[in-house]
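Asks: All chains should be modelled from the sequences, with the hints used to inform the complete structure.
Read top to bottom, the protein sequences are chains R and A. Numbering that gives the first Met the number 0 numbers the first residue of the first sequence as 0 and each following residue consecutively. Numbering that gives the first Met the number 0 numbers the first residue of the second sequence as 0 and each following residue consecutively.
Treat the hints with care, as some may be off.
Straight-line Cα separation of at most 20 Å, SDA-like style, residue types lysine to any residue; simulated pairs [as the list claims (entries may be wrong)]: (1) K157/R - V45/A; (2) K192/A - S102/R; (3) K85/R - T27/R; (4) K159/R - K192/A.
Hints listed in this document are in silico derivations from the structure and should not be mistaken for laboratory results. What you are looking at is a predicted structure, and each value in this text was computed from that prediction instead of being measured.
Next come the chains, spelled out residue by residue.
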Amino acid sequence: MSSDTTLPNTHPDNCGGCTSCDPNAVTTQRLGVKLDGYDFVVALAGNPNTGKTTVFNTLTGLKQHTGNWPGKTVARAEGAFACRGKRYKLVDLPGTYSLLSASVDEEVARDFVLFGKPDCTVVVTDATALQRNLNLAYQVMEITPKVVVCVNLMDEAKRKGITVDIPALQELLGVPVVATAARRNQGIDKLVLAVAGVIDGSIQCEPKLPPTPPKLQKVIDEILPMVKRMVPGLPSPRWVAYRLIEGDHRIRQALLSGELAGLYPVRLPVAGVVNQPVADGVSDLASEQGEVAHV
Amino acid sequence: MSEQSLTPRDYLSQIDSLRQGIDDSFRDELVGEIYTHATMVTDATVTEKDKGPAWDEKLDWLLTHPIWGWPLMIFIFAGVFWLTVAGANVPSAFLAGLLIEEGGLREWMSEYIGWAMPAGLSYSLYELLHMLMAWVHSPVWLDSLLVDGVYLCVAWVVSVMLPPMAIFFPLFTLLEDLGYLPRIAFNMDPLFKKSGAHGKQALTMAMGFGCNAAGVTACRIIDSPREKLIAIITNNFMICNGRFPTVIAIGAIIASTQLGGGAWAGTVAALTVIAVVGIGVVVMFGVNFVLSRSVLRGQSSTFTLELPPYRKPAILRIIYTSLIDRTMFVLARACVVAAPAGIAIWAVANINVADHPIGLYIMNFLEPLGWLMGLSGVILLAYIIAIPANEIVVPTVVMLILLLPGMADTSLEAGRMVEVGNDQLAQLFAAQGWNLMTCVCFLTFVLLHNPCGTTIWTIWKETNSLKWTTVATLMPVVMGITACILIAATWRLLA
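Replies: Given below as structure tokens:
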């Protein structure tokens, strides 16, 4: 199987200002820090030392320092690129092993994926340590289905005699998987295409997540309807339910204040429940101030 | 109350009672599921040719070896210091010629190129500025203030600070890029843990050798606020590049007075640097220990440290980032603080009260404390006015010595910072009655004194706390004064 078939070669009808419709000749324009007027937001997540920042620099043409030690990207960096007439804002999140908000880095990354509502999240993984890296990929896929998994450091893997069956991996994960060697600028255009495809809907993501332990599943099943009632538009009620079981303070706060409901309004009106959560949130705030008694 | 009108608060309290019903084992089960699933996925997609332990695994075995890791680490760092110290001489002399010395690059040319430039052809920027001021008929005091004061101080900082930083930072970034730094952190983690600090402090400390301000900024990588504060406060015990020249100069004086100078001078200077750096590391661990058991009490937090693969460094990018992001950044900050220091230095030497420069009065005032500390009023005043940048301590000391009565008849010009050779420096020191004890106390004070102005400013910016900035500033200087007094008292008792 040639690597070209790893991605559906569908492309949008509206090609914008693109010079060519041949996906293999796609030109990515590096826009550096010219951030204004972007059409979409793309988040870049990944474990430390997966070359995430190199992917970021290759895409945006910026020269953010890539340190070879953990915790280097302390705050999130932003850059931009354009492809096929669309402008993308790229947000480089701190490298983390998980999104459980155990550290400031994890919280920054988690908050952005959940509250920043990126149109697509790229999870950069290390081809030489894929198994360990999948943990984060699964956590991101729990929050949002719009994920592209970038298997980076393919050159390093090759040197170590490691091969990754990209089509099979894509099949098992249920989201697009792209192999890259960002340092050599290999596979970056495919990555851009996959991101564009996920955003315009020409590529459908159906994440295949690890099974939930039955004990946990039982509690989640009980909590899930309540989460759906509070924020009907949420793409990841299961994950929020799980975080509530964990007692995640930030998520509780976001539910109480109506922040989450405001972020994820219902797209298709369903009689009776439209905007209910927002109203709930507001009245709840008011009652917290002790001014309006809730009926 | 209908189901529809339940508030998030109601839901959350329901959820809270539900989550009480589940025991904590679900976390392990969940992690287990993810792990099993990820293993299943990678087993099906990743194939690995068994090549036996790769070269990098063997290298890791050696570099993180519980025994061999240490000498290797010391050897690598000694190498970096040696390259920095030895390599900075020629460019420093070049910059000094270009910016400061009489006759511009003439001396440098004759010493390093072997070309004797005819006199009167070459000028340093310092001389040219004086000419310019004369040409615009500037008042003498203004000429002296701007050129001998502000310009000279900034030029001095540039010529002394730039070359070692421009060598150290690329070397440091090279170690970083190769992947060696996390291995240092790995080796040193047990020590940091025992001292109640964070293992990542090893990285910020290594950075501090280059510049304490950069080291303090690097403390952002430490998540726990408590351990971050410890790392910020103790970074000052890492002898930065700026203090190397002072340590080297005193090492050279010890060599020339105790061993008759000559061939030994270089070795003694290098050994002095290594000794002071070593003592600094020990002090850092000690202060970590005390802080983490007193005002900053708490547990060491755990963190995941991945040993990244060894990578071929991108040389051009290393040079770019270390020169632009680190060296120029630090240098620019140093210049900003050096300019006002130039005014202060100029003022103490050039403003006279009752026929004597005010510096003399201050030195006389500081003399008793200086004596107690085994130092002198001259050295203490030099430290006070050199707060902005440690690089200028030695030239300031020399300038202040020349202000003293009876010293003005030397061939050196009084009232401005001067550069002198090591032997001349040793003579000047000896003429003050300074001996080995003075040198030892001086070295102690080089290690234990307040952070430089740039670092204090950075600590303030990073902590946003007046309290901790004050602690970080005053604690080392109090330690230094105490240590010097103890050393001097013991020395005098035994002598």
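Asks: The structure should be examined with respect to each hint, and the outcome stated for every one.
Replies: Cross-check of the supplied hints:
{"no.": "1", "hint": "K157/R - V45/A", "in the structure": "holds, 12 Å"}
{"no.": "2", "hint": "K192/A - S102/R", "in the structure": "holds, 19 Å"}
{"no.": "3", "hint": "K85/R - T27/R", "in the structure": "holds, 10 Å"}
{"no.": "4", "hint": "K159/R - K192/A", "in the structure": "violated, 34 Å"}
The structure shown violates just one earlier hint, number 4.
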